[in-house]
Every structure is written in structure tokens, then in C-alpha cells.
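Student: Now for the letters of each chain:
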Amino acid sequence: MPQEYRQILKFVDQPGYTPDLDCYLRHGGYETLKKALALPPRTLPDGRTLSGPEQLREEVRLSGLRGRGGAGFSCGLKWSFVDRKSGKPIYLICNADESEPGTFKDRQIIYKDPHQMLEGMILACYANDVHLAYIYIRGEFIEGARILNRALQEARAAHYLGRNILGSGYDLEIHVHRGAGAYICGEETGLIESLEGKRAYPRIKPPYFPAVLGLYNCPTIVNNVETLCAVKHIVAMGGAEYAKIGTPNNTGTRIVCISGTVRKPGYYEIETGKVTLGELILDPAFGGGLREGRTLQAIIPGGSSAKVFKAGERFKIKRKGPDGKETEAELGVLDLPYDFDTIIAAGSMSGSGAIIVLDDSVDIVEALANIAEFYAHESCGQCTPCREGSLWMAKALRRLTHGGGRKTDADYLARIADNIPGGRTICAFGEACSWPVQSFVAKFKDQFVARGAADEARRLANTPNAESPTGKTNA
Amino acid sequence: MNAANLQPIPSPLQEQPDFAVPPALAAQIDELITHYPKARSASLMLLHALQEHFGFISRQAVEWVAAKLELQPINIYELVTFYPMFHQQRVGKYHFRICRTLSCALGGSYQLHQYFCEKLGLDPHHHGPQTTKDGKFTVEFVECLASCGTAPVLMCNEAFYEGVSPEKAGDILRGCQ
Ligand SMILES: Cc1cc2nc3c(=O)[nH]c(=O)nc-3n(C[C@H](O)[C@H](O)[C@H](O)COP(=O)(O)O)c2cc1C
Ligand code: SF4
Ligand code: FES
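Protein chains in written order, with our numbering: chain A, 1 to 475; chain B, 1001 to 1177.
Hints should not be assumed to be uniformly reliable.
To be verified - Pairs of lysine-lysine residues, derived as DSSO-like cross-links and limited to a Cα-Cα distance of at most 27 Å, are as follows:
hint	chain 1	residue 1	chain 2	residue 2
1	A	Lys-85	A	Lys-10
2	A	Lys-205	B	Lys-1168
3	A	Lys-112	B	Lys-1168
4	A	Lys-205	A	Lys-274
5	B	Lys-1168	A	Lys-264
6	B	Lys-1038	A	Lys-198
7	B	Lys-1038	A	Lys-85
8	A	Lys-88	B	Lys-1038
9	A	Lys-310	A	Lys-407
10	A	Lys-198	B	Lys-1168
To be verified - Computed footprint of chain A on chain B, listed as stretches where at least three residues anywhere in the stretch have a Cβ under 8 Å from a Cβ of chain A:
hint	region
11	1013–1024
12	1055–1062
13	1080–1089
14	1113–1122
15	1154–1160
16	1163–1172
Calculated directly from the structure, the hints in this document are not laboratory data. Note that this is a predicted model, so its numbers are computed, not measured. The C-beta atom is built at its ideal place from N, Cα and C for all residues, glycine as well.
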């Protein structure tokens, strides 16, 4: 029986669990921080000595933690890239922009257990010699920003934050910075520009790798809310122990968000890779299956930017066994273990952990039109392929869903989408806007062609558009 | 920088001749600026603070923030035009932000948007902000509000509503008096 494995969400939603400091302390809060600040230097067998912060970084490296914000990049590796010799201050930013459509996990932590996030953040700052850090929270989380400010005040008053934290000599200040409704602020270099008080125009890499040239051109770490919470648990239990949760190279827990046409949409924390996509959608412990009489049509496995899976698709997946040997297995889409590597091997990504389920009642063309509208609205406009391409795709899909489609629109869409990604744009938004179009059109081509053909036939017969575009899902 | 150096900005920003920042707000703003090693970083937080107080961002507000942070007005104006949450016009007393994105659309957000628009005499085909003539209501479609599991969702001013059925929408609207 697949089950939830609640580590980060352990207390969240328990009756009586409140976001204030007292409640957090009653549940063992800030004990990990106390322990970490008191770590004495450790001498290794080879004679090197690791300071307390270095030991924390080592634990995070050992844990195998991968970023929960979207890219799934190794957290230990990211921290190891930080330029510690520049003499410049090192900054840390908690990415609480939570803007990938389908994702609503960071919200649960921010609103219901803010101190857990702060403890993780303080530990990550201590581990990386950071003395000034920011929480970049999306503008619409108005109450969330208040909750965080209240939590920060409480933490300061109790000396978990500020000067000389718990008498350790370590100083750290954290401030909340609010965004203002732009998706691109979730992209880490756009976020940094926005935190510098500018338009959130992503920066080109190289040279602007945040670990070297980030906030104010100083070394900067950007980590997602959930990643920073995981850091707390890694420090508490040790990296090697943490790595036993989940599956090899996909360690720890993940909070999965399920939305769309399932009976029980919601957020579920699992051991990464121990639950399959099918279980997440169908099992009563998770999504609870489709509604009465419905069949599955498609699954978006990792936020709206992820390539769509079609019901019934099968994949040849190479997997490394515990002995390190690679084996190949053929798996149906519902049998794919939900982890970073498997979903990538199947041609998509688990991204931000957001699964959107589309049953047979959903009009696929309208669903893609909806997604394309999002990207057309959110492109920051710096790069021509992304700025123009996202608008052209949305326009073509608008006409396809409003009676003005053409048979050739499917190919037209694919051609535009193929010309956006692959190093032609400054940031990964280029990929994010083209992947859904590429995959929807490739996998459901008949539906796109049929829609265009029907429109053409109707125009030829010169009959007025029979289908009123209003009152439908995506008119 | 003194005011004489400020470049006039060619913009459709509204005038607010009686613009004045009360002392408590000024103190709050001064405190916000201390959060950053470089004052410019505070610009978004300052715009939020002014918009929360005045309801929109006027030409005077843009120029005030610019002067405060020793920037050109264009440095602030370009933020007002880039970030969707900043309004160049007054919004209604009740401001509905309805999520338009996929999970909410599957949950009926287009019907919800249509319901509000029709009840309030606004155009349901228009996605951007629309305000009723009496200035009481503003309705707009926004993108994913990070609560897709409880679709469809909307915000009324700062309050957040989940799983908004047609009945619930009626209740919310009736509660706005
Ligand atoms: C277009 C775009 C939007 C993104 N939005 C978010 C977001 O809302 N939240 C987030 O944590 N990461 C987001 N990311 C990923 C960040 O750039 C960055 O990789 C992440 O915050 C790093 O944290 P992690 O390593 O802990 O995952 C986005 C990336 C792109 C390209
Ligand atoms: S890819 Fe798109 S979102 Fe990213 S920088 Fe270029 S225009 Fe902006
Ligand atoms: S799609 Fe509406 S909250 Fe995400």
C-alpha cells in the first residue's frame, strides 16, 4: 500500500498546530539549530579539520538533496560552487515565489509552519557564512508575508536570529521581500534583478551564475522553500541517514501537488521514487482516482512547463539497480516511479512536483491554449524567440479555440515551438513555454488537425460558427 | 538629487495633486530602506506600501519614490508597467482577482469570471482589470495563485477564497456592501 511519508509536513494540518513560535518550540523547534551552532570542529582521518559550517555542508552533500524548485539540481554541488574567496559577502535567498502553474506546496509551509522554513534557512546561512538573507515571496501571498514577518520578529526576540545568535557569535539578518505578480521572478536571476529593485529580466549565464555573480554581483545562493526545509531535516538526522529515505540519486521526500480532474486534489508528501505516477493519481491515499465514468487522457507531470504524458504511453527506462548495474525496463506511464530521474528518462520532468491530471472530458486544444496564454502573458520580453514565439503560439491557439483554426496550425505551432529553446534565449522560460506546445501537438496531433480542418470546412461552407466560444472551459 | 533634476516622464500616469505621505507611512518606508545594502532594492516594497495606502500609483507617487531612492522617475515607472500587481488607476473598493490558469479553468474559473462580469455589468471577454462606473468593483483575471488543488480560487482584496462554487460566488458578492 503506497502511503504518504510526512517529514516536512509532519505537523502541518494536525489539529492545534499553529504557526507561532511557542507551538514550534513545543514540537522540538530550533533544537537542530542549537545543536548545529554548538558543533565543535572535527578532525578528519587525513588530518584536515572541518569547522561547524563545513560539517553542515558535508552533511548536505552526503544527503544527495536535489533542489525542489524545478531544476532538481544537487544542493550540495550548488553550495560548493559558491565563491568563498572573493572577499565579498555571500547572500542567500529563499525562493518563495511559487508561481509554476500547478504548484501549491510552498504555500502550505509558509502559511502553516513558517518557523520550520526559517530554521532551515538559518542553518543554510550558517553553513555558507551568510550574514544577510532574503525571502523573496510572491506578491499575492499577502498574508504569507505577514506570517513570515511575525515569525521573523519572534525568532529575533528569542535570539534565533540577529546579532550573536544563541551566544554563538554568529550574526544573521533575514528580511522579507515581496514580488508583484510576475512569474519570471521565480527564475533565480530574474529574482535577483527584482530584489535589486529592477524589472525581473533574467541575466545571461555565463557570466551571471548566482554562486559567483549574484545579488549586487556577490556570490549568492538561491534555494526553494522546500529545499531549505529539507536542509533542516538533513542536519537533524545526518546526511547519510537522510539519503536512506527515497531512492538512490532521488533521496528524501517530495511534496507532490495534484490538481485537475481527480477526486482528491491536494498536496501529498512521499518518499521520492517510492510511489508511482499511477498511484499518485488513482490511489485513495492520494489523488483518489478520476470522477465517475471518466477515463484518463493526459498527465502533466511537473508543472505546466513539463512535457505532457498521454494516457497509455509506454517508455523504455534505463535504471541503475542497487548493485550499480544498469537495466532497461519497459514501463507504462502509470507505472513510472515519481522521481527526478525516471520522469526525465521518460522525456519530461518532475519539475516543481506538480501533477495536473486531464481526463477525457478535457478539451486538449483548449488546455494547451490556456497554458500558452499563461506563457504569452509572462514572458519578460528580453529575447525575441521567447517574446514573439510565446505570443504567436498563443495567437494560433486562440484562433483554433475560437473557430478560426487552420489544418496547418498544428505544424505551425510545432515549428514555432521548435525554434525557441536550445540556447536561443537568456533563461529557461524559453524551454518552459515551448515544451508544452511541442509535446501536446506531437502527442495529440489528430485533435489539433481535426479542429483546424473543421474550422476550414465551416468557413468554406460559409456557415456561421456553430460553436459559441463562450461557456466553455477556455473560451 | 534635487527635484529640479528630475526628468519629466511622458506617461499616462494619473495626477494626484493632494499626494502627501503621512508621517507613520514615511517612518515605515524609512525602516524598509534599511533592509537593503542598496536603497534601490527597496523600490518594490515602497511601491507596495504606497499602493496599500493610496490604492494606486500616481505620477506623484512614482516621483516621490524616485526622489526617496535617488533614482530617476523612469526607474520606478518601468516597475509600475512591468509588475502586474501595481495599478496606475484606482481600483474598486472590492477588487476581485480570479485565477485563470489551467487547473482553475478546469474547475470553472471562466464561468466564475463571466458570473462576476455579468452581475456587475462588465465585459466577460475582457481579461484585464475592469472597474464598474461607480468605482465599487474591479474584476480581473490573474495567473495561477498557487492554490490549484482547491480550484477555482479568487482573491477579494487581501482575502483568499478557495473552491468558489457559483453559490459561494453569490455569497461573496452579497458580502461586499
Ligand atoms: C521560468 C522559471 C520559473 C521558476 N519559478 C520558480 C518558482 O516559482 N519557485 C522556485 O523555487 N523556483 C523556480 N524556478 C527555479 C529557480 O530558477 C531556481 O532553480 C530554484 O529556485 C533553485 O532552488 P532549488 O535548487 O532549491 O530548487 C523557476 C525557474 C524558471 C526558469
Ligand atoms: S527566455 Fe523569455 S522569459 Fe527568459 S529572459 Fe528571454 S524573454 Fe525573458
Ligand atoms: S491554476 Fe488557479 S491557483 Fe493554480
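Student: Under 8 Å between beta-carbons, do enough residues of the region 1055–1062 of chain B, three at least, approach chain A for the coverage claim to hold?
Tutor: Violated - the region 1055–1062 of chain B has 0 residues with a Cβ nearer than 8 Å to chain A, which falls short of three.
Student: Okay, the region 1113–1122 of chain B and chain A, do three or more residues pass the C-beta test at under 8 Å?
Tutor: Coverage by chain A is violated for the region 1113–1122 of chain B (1 residues, Cβ < 8 Å).
Student: Are Lys-1038 (chain B) and Lys-85 (chain A) close enough, with their CA atoms no more than 27 Å apart?
Tutor: 23 Å, holds
Student: Run the distance test for Lys-205 (chain A) versus Lys-1168 (chain B): straight-line Cα separation, threshold 27 Å.
Tutor: 47 Å, violated
Student: Is the listed coverage of the region 1013–1024 of chain B by chain A valid when you require three or more residues with a beta carbon under 8 Å from a beta carbon of that chain?
Tutor: violated (count 0)
Student: With the threshold set at 27 Å, check whether the alpha-carbon distance from Lys-112 (chain A) to Lys-1168 (chain B) stays at or below it.
Tutor: Holds: Lys-112 (chain A) and Lys-1168 (chain B) sit about 25 Å apart, inside 27 Å.
Student: Would you say the region 1163–1172 of chain B counts as covered by chain A, given the rule of at least 3 residues with C-beta under 8 Å?
Tutor: Violated - the region 1163–1172 of chain B has 0 residues with a Cβ nearer than 8 Å to chain A, which falls short of three.
Student: For a C-alpha distance cap of 27 Å, please report whether Lys-310 (chain A) and Lys-407 (chain A) respect it.
Tutor: 22 Å, holds
Student: Just to make sure I understand the rule, a stretch counts as covered if three or more of its residues have a C-beta closer than 8 Å to a C-beta of the chain. Does the region 1154–1160 of chain B meet that for chain A?
Tutor: holds (count 3)
Student: Under 8 Å between beta-carbons, do enough residues of the region 1080–1089 of chain B, three at least, approach chain A for the coverage claim to hold?
Tutor: Holds: 5 residues of the region 1080–1089 of chain B have a Cβ under 8 Å from chain A.
Student: So if I understand the rule, the pair passes when the alpha-carbon distance is 27 Å or less; does Lys-205 (chain A) with Lys-274 (chain A) pass?
Tutor: 35 Å, violated
Student: Decide if the proposed pair is consistent with the structure: Lys-88 (chain A) and Lys-1038 (chain B), CA atoms, cutoff 27 Å inclusive.
Tutor: Between Lys-88 (chain A) and Lys-1038 (chain B) the Cα gap is close to 15 Å, so the pair holds against 27 Å.
Against the hints set out earlier in the document, violations occur for numbers 1, 2, 4, 10, 11, 12, 14 and 16.
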